[in-house]
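Novice: In order, the protein sequences belong to chains A and B.
Residue 489 in my numbering sits at position 205 of the first sequence, with consecutive numbering throughout.
Residue 483 in my numbering sits at position 199 of the second sequence, with consecutive numbering throughout.
One thing to keep in mind: the hints can contain errors.
Identical chains share a label here; the pair holds if one copy fits it or two copies do between them.
In silico EDC-like links for lysine to aspartate or glutamate, alpha-carbon gap of 16 Å or less [claimed, not checked]:
1. K471 to D433
2. K424 to E319
3. K334 to E360
4. K471 to D429
5. K423 to D465
6. K548 to D623
7. K424 to E379
8. K701 to E321
9. K355 to E494
10. K548 to D500
11. K701 to D372
12. K552 to D628
13. K398 to D295
14. K560 to D324
15. K560 to E493
16. K334 to E363
17. K464 to E418
18. K501 to D312
Hint data in this document are derived by calculation from the structure and do not stem from the laboratory.
There are 2 protein chains.
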Amino acid sequence: MQEQILSLIVDRKFQKLKQLLVEMNPTDIALILEEAEEKDLPVVFRILPKEQAAEVFSYFETDMQQFLIEKLSDTELKEVFDELFMDDTVDILEEMPANVTKRILKQTTAEKRKMINHLLAYPEDSAGSIMTTEYIDLKKTMTVDDAIDRIRQIGLQSETIDTCYVIGAHRRLLGVVTIKDLLLNQKDTILADIMDEAVISANTLDDKEEVANLFDKYDIMALPVVDTENRLVGIVTVDDAIDVLQEEATEDIEKMAAILPSDKSYFKTSVWTTFKSRIPWLLLLMISATFTGAIITSFEEKLTVLPALITFIPMLMNTAGNGGSQSSVTVIRALSLGDVEWRDIFRVVWKETRVAIVCSIVLSVVNFIKMILVDHMIFNTFDAGKYMAEIVVVSLTLFFTVFIAKIVGAILPMLAKKCKLDPAVMASPFITTIVDAVALIVYFNIAVSVLKI
Amino acid sequence: MQEQILSLIVDRKFQKLKQLLVEMNPTDIALILEEAEEKDLPVVFRILPKEQAAEVFSYFETDMQQFLIEKLSDTELKEVFDELFMDDTVDILEEMPANVTKRILKQTTAEKRKMINHLLAYPEDSAGSIMTTEYIDLKKTMTVDDAIDRIRQIGLQSETIDTCYVIGAHRRLLGVVTIKDLLLNQKDTILADIMDEAVISANTLDDKEEVANLFDKYDIMALPVVDTENRLVGIVTVDDAIDVLQEEATEDIEKMAAILPSDKSYFKTSVWTTFKSRIPWLLLLMISATFTGAIITSFEEKLTVLPALITFIPMLMNTAGNGGSQSSVTVIRALSLGDVEWRDIFRVVWKETRVAIVCSIVLSVVNFIKMILVDHMIFNTFDAGKYMAEIVVVSLTLFFTVFIAKIVGAILPMLAKKCKLDPAVMASPFITTIVDAVALIVYFNIAVSVLKI
Chain A
285 MQEQILSLIV DRKFQKLKQL LVEMNPTDIA LILEEAEEKD LPVVFRILPK EQAAEVFSYF
345 ETDMQQFLIE KLSDTELKEV FDELFMDDTV DILEEMPANV TKRILKQTTA EKRKMINHLL
405 AYPEDSAGSI MTTEYIDLKK TMTVDDAIDR IRQIGLQSET IDTCYVIGAH RRLLGVVTIK
465 DLLLNQKDTI LADIMDEAVI SANTLDDKEE VANLFDKYDI MALPVVDTEN RLVGIVTVDD
525 AIDVLQEEAT EDIEKMAAIL PSDKSYFKTS VWTTFKSRIP WLLLLMISAT FTGAIITSFE
585 EKLTVLPALI TFIPMLMNTA GNGGSQSSVT VIRALSLGDV EWRDIFRVVW KETRVAIVCS
645 IVLSVVNFIK MILVDHMIFN TFDAGKYMAE IVVVSLTLFF TVFIAKIVGA ILPMLAKKCK
705 LDPAVMASPF ITTIVDAVAL IVYFNIAVSV LKI
Chain B
285 MQEQILSLIV DRKFQKLKQL LVEMNPTDIA LILEEAEEKD LPVVFRILPK EQAAEVFSYF
345 ETDMQQFLIE KLSDTELKEV FDELFMDDTV DILEEMPANV TKRILKQTTA EKRKMINHLL
405 AYPEDSAGSI MTTEYIDLKK TMTVDDAIDR IRQIGLQSET IDTCYVIGAH RRLLGVVTIK
465 DLLLNQKDTI LADIMDEAVI SANTLDDKEE VANLFDKYDI MALPVVDTEN RLVGIVTVDD
525 AIDVLQEEAT EDIEKMAAIL PSDKSYFKTS VWTTFKSRIP WLLLLMISAT FTGAIITSFE
585 EKLTVLPALI TFIPMLMNTA GNGGSQSSVT VIRALSLGDV EWRDIFRVVW KETRVAIVCS
645 IVLSVVNFIK MILVDHMIFN TFDAGKYMAE IVVVSLTLFF TVFIAKIVGA ILPMLAKKCK
705 LDPAVMASPF ITTIVDAVAL IVYFNIAVSV LKI
């Protein structure tokens, strides 16, 4: 399909192309056109019917949108933006340079311009920034028939007609009515009798991640957004909520891997941008490893006396690091999903303590057996004369460091949340650096006291 | 609210309790009742209206569902399951022990039982396993008015009426019509003229994660599921798609942190289950660290000659590990989101190579400067007589290991995908183990050749 369309574009067979495209889904058209040559874009874009063109436009990547905007005439631009929903319009404008934004705003009506500016003013991660203003508002005194009439009137401009909002004086939100309620009730039923007053709603300034989590929790299709005086100002639709959930999961994953989050897909991110998102944490963590180096240096003499101790440094550091990142990542995800909050700190620590004890015991016992059977008897890795004391040192270190690592791993993300920092940065790389230092200190101190070196 | 309801239960004030509960959202009721005493559950459950009771039931955790099923009479059980949608029914039955399932199935009609057994037979992660069979099917010869009549007839049993499905002979899927299309077109319009034939659909055996990704990609509310002969057999609704997306993100995150995934929330998972999900990888990674130990042992003599080399082992291993996990995690997430596929392997390697070169150069140069300025001049960490050669060794090692780590980190998840393994297990802990060995080998070999030890 993709090849066929691209070759129709190259061959300038626009009649045939149009027949194919009008049957297609806007997402697919946008994806295919991204592969076409940039110079062909305007002419292909112009053969699409207005409504479809606007939809395709909203799925383009920012650079293509900007290119097209520059090529379209003022009238064409107006047509596209007239068809777009308010949330898509705002999303696009947020990414454009000032002169492009200015040109687009010039093509809109004064009323729409005012609304756009209003929406652009909401903080970046707020519910207000992802909501749209096209929805069906009804009055509680309306009958089902009145409501359906109103949907027929304004439905085309509404992003969803699945859920309608019943408002009172000063646009205060009173309840919701679904289209199912309307179709399944008698035509003369009054909305006040069938509307659901247990409305789940969000405030304009609520964090968009929390808002998106409400869709997951309550299985809703759209969420009304109200201002501080409970006046309905917009709705968030489920497709935008999914985008937020996916973005936030990606962001968490990136932060956990010591990457500064970006909001573009893999191949859309340039080498330079990828580099810039990775190097800060790499540098920071590299430099903070100076401390582990300093710890080793301070025990250097003792290590020279008993060099076999060096053998186990990587194993001890890694096992503790893995143990710590397991608990930190578990807690970070639970915080993101809203399963755990700051007030649960004692329950979390109590649970992690028990898990940590069992994990530490198992690891330390397995290590003990492994060192006797495998390292000593098979590989003969270390001096037979001293091996029992060494095995005890390594196993004890393992017990204490895994235990400490797991508790630190669980507490740090909770503390970050409490201090309004992002818990996700407290994941593996950060924990590893702390845990490495802990592991070395514990190891050397146990070694000194047990082995008397 | 929660306290008020719980105390009303304790005080047996059921009249007042009922008034409160009927106004509430089923999700919230379920969450509050989970905090109540188990013995009070049946009586509270019985005061809810039938439809609401069934909804609340579907939001309970499995252990509470099982407890209630055992307490309810056959008639009550039948009432609950009559109200439930097919996908929720199947979800519940999948978690129940055989005798409970048997008792529930006994209360359903022969037809429904057949359907349930059919749905239970789909593989665990397939589209078939998450679809429901309650949807609106229409014929293309119907008028808009006919369609609305049919929705009024069967709408109550349908999970969504937002999107309706137009089917032909043998239930073959021909197109979709949204409720918006129906309300905004003339009553005598024939569905064939307004239906959208560019239907996005899934096959019953498609992976549920891929199906859920379609909701994100196409911004749809429901997805028709067809069998191998394009016959419509069910639909997946957006709420279930969100659940799948969230579960898969959590699973990926857990696997990346070397945890076996579980599908329960943090506090619902017992200490024993949490332990079992964490210990296998910890053990495996601990034992595989034997190799890093063996590498160090084989260079032990040389390390005794120049113990300052030991100081930099943790920094080298960690920095390479972090670099590798950055690229592996980025590629894993891109694979999950469908941004990258196996056929992109060369583009991925090419991009990562360029990022790796820049990162390696910057890290190695910064390290060079840092070792001269900080370690040598301020802390005086190592022997001044030999320091320049050592600095060169460490910086060169850093360059090569970060480079190798990043490339290995990018390739392994792609290979895993190609071999139909889960790319997520190729994340940080696994990469770290490989990269540690690489770092040590590179380090010691460069040290031997540059320092002539």
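Novice: Which of the listed hints are broken here?
Specialist: Violated hints (numbers, rising): 2, 7, 8, 9, 11, 13, 14 and 15; every other hint is consistent with the structure.
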